[in-house]
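Please construct the entire structure, taking both the sequences and the accompanying hints into account.
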Amino acid sequence: MPSWYRLPRRRELGCVLMANLLALIASAGLQAWLALANLSLVFLSAVLACAILASGYAAVLSALVGFVTFNFFFTEPRYSLLVAEREQLLTLCFFLLVALVVGRVAGESRRRMQALGAARLAEERERLRSALLASVSHDLRTPLASIIGAASSLRALDAQLSPVDRRELLDGVLGESQRLDRYIQNLLDMTRLGHGELKIERDWVSLDDMVASARRRLASALEGVTLLQRWPAGSLPLLYVHPALIEQALVNVLENAARFSPPGGTLEMSAATDETASHMIIALTDQGPGIAPAMREKVFEMFYTGDGSPHGSGLGLAICKGMVGAHGGEVVAEAGPEGRGTTMVIRLPLRPYTAPSGAGYDA
Amino acid sequence: MNETFRVLVVDDERAIRQFLRISLGSQGFAVSEAATGAQAIETVLASAGEPIDLVLLDLGLPDMEGQAVLAAIRRASDVPVIIVSVRGHEAEKVQALDAGANDYVTKPFGIEELLARVRALLRRPALAGHARPYRYGALCIEPAARRVTLAGRPVHLTPKEFAVLALLAHQAGRVVTQTQLLRHVWGASHRNDTHYLRIVVSRLRQKLGDDPHTPHLLQTEPGIGYRLHGETEPQETLP
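As you go down the protein sequences, you meet chains F and E in turn. For the first sequence, the numbering used here assigns the number 1 to the initial residue and increments by one for each residue that follows. For the second sequence, the numbering used here assigns the number 1001 to the initial residue and increments by one for each residue that follows.
Simulated from the structure, these hints should not be mistaken for laboratory data. Only a predicted model underlies this, so the values are computations on that prediction, with no experimental measurement involved. Check before you lean on any hint, since a few could be wrong.
What the hints assert, rightly or not - Pulled from the structure, derived: some chain E residues nowhere near chain F, Cβ distances all over 12 Å:
| # | residue |
| --- | --- |
| 1 | Val1079 |
| 2 | Pro1133 |
| 3 | Arg1147 |
| 4 | Val1155 |
| 5 | Thr1158 |
| 6 | Pro1222 |
| 7 | Gly1223 |
| 8 | Gly1230 |
Unchecked claim - Stretch-level coverage of chain E by chain F, calculated; a stretch enters the list once three of its residues show a Cβ under 8 Å from a Cβ in chain F:
| # | segment |
| --- | --- |
| 9 | 1003 to 1016 |
| 10 | 1019 to 1030 |
| 11 | 1101 to 1111 |
Using N, Cα and C, we set each Cβ at its ideal position, and we do this for glycine too.
Written out as structure tokens, the structure reads:
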């Protein structure tokens, strides 16, 4: 409960004075047409305004200020605090009574609404936090399960394993460790994106180089699918972007597409400039199950992982969107050609190439 | 037994299937793989000629609920099923065990733990039945004679204690859920009276000389149930 025995805060005082000043001006204009009792309703409105905008305390204060103002300016004799007519005195008393009650009740309901809002916010935050924890632990543990399994096999079954088996288990350990590393990188990036701490350090870079680097990092994840690049190497203009961030965005869409591809599936990547050469458009088409139209925006939300399926953390595409968005670009999910699979389309703004004179820094 | 056991690995993670294929393969198992629930059911149902002997079922599959896969398998076959699932999903595991799964391992797991579970399940042919005595160290449980001896000396058990121990011994090396124990020994109406079970288990540990702090013989699986240590066998020749 707020204390009623205190000095008004600046906001409350301002609200009370402003509301009553407005009520005074309105009443002065309306007094030719309205009876005195009705004029008091204007001041009652000021009380309500204070309850809604400031607090119950301000409403009660406004009731008292309104009572004095109304008395001073509108009851006979005017410009004094005396009241000559009994009816006017009654109006004044009723005004004060109603204003005090309304002010307190309205203030109390405002306080409750605020408390309710705070509780809902806390609940939402708690829900998000548990989603984060569940997703993080699932994604850290999935590669770890393979690493622990493969490593324990190497140790326990050593004598019974062929050199090929041993090699394959070691590759598994390496591939899954790299996946774990990518995931941790994503988590760090997400935190930075969330705090607005991501510093964009632009440089001129070719898409070919970034895709090549992404392919290297994803070697194990892309095993079992074919990735086709549908543009002649060296044919595209350079991008002026933060290379590591855009590479991460590419890694995330590629990993996502590979994960949803059927075994032996093909990923088709195309890249071109749009008609006005203002944007580069990169499209990646998979042969996966596709995304329902209603879900095409949702897939970019944090922690969205399809129908509660255990695929990934729901961070990858959200980060891709964040990275591309930080460069003034956008990512959308579309239906694949002939309605099969999904095409992820990344649009990145292009800049006319200027030979790098100094460091290409750009906050 | 020189036949080759066929194990079906159901997991959507390629890396998990890979290491299981290699490690189980190195132990002489024939390994089949399924990445989805639908594929798993199809493989179990279609393998009429060479039936699957054991299924390793991950509960988190992309296309359908693991529980639904288990139910579909159970409708057609009583092949042993080991549930593979992440920690923290105890309720899911209990549900699966009560629905007919035979055991579980928690991800991440070491290969030795998994192989021990697999052996425990494949070791006992169904026809061996109740009558087989259980031996572990100095302990011998003879269900047919309702006799339990520790280093040759008879151990006196109440009927409930004996019933719990006999059920665990029948499933030696495998987990038995609290619900299964309570339903079997006390009756369906006592399904939730887990304190009965706790008291009986602690008395059993006392009488059988098991360390109550770090039980070795009668292990508690927190949130799930109990497991009696696998038997010591004169010959470890599996598969």
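Hints, verified against the model:
1. Val1079: Given that every Cβ of chain F is farther than 12 Å from that of Val1079 of chain E, nearest at about 22 Å, it holds.
2. Pro1133: At about 30 Å from chain F, Pro1133 of chain E clears the 12 Å cut-off, so the statement holds.
3. Arg1147: Fine: 37 Å to the nearest Cβ keeps Arg1147 of chain E off the interface.
4. Val1155: holds (35 Å)
5. Thr1158: holds (41 Å)
6. Pro1222: holds (18 Å)
7. Gly1223: holds (17 Å)
8. Gly1230: Correct as stated: the minimum Cβ-Cβ distance to chain F is 17 Å, above 12 Å.
9. 1003 to 1016: This one holds; 5 residues, not fewer than the three required, reach chain F with a Cβ under 8 Å.
10. 1019 to 1030: holds (count 7)
11. 1101 to 1111: Holds, because 5 residues of the segment 1101 to 1111 of chain E bring their Cβ atoms closer than 8 Å to Cβ atoms of chain F.
In summary, this structure violates none of the numbered hints.
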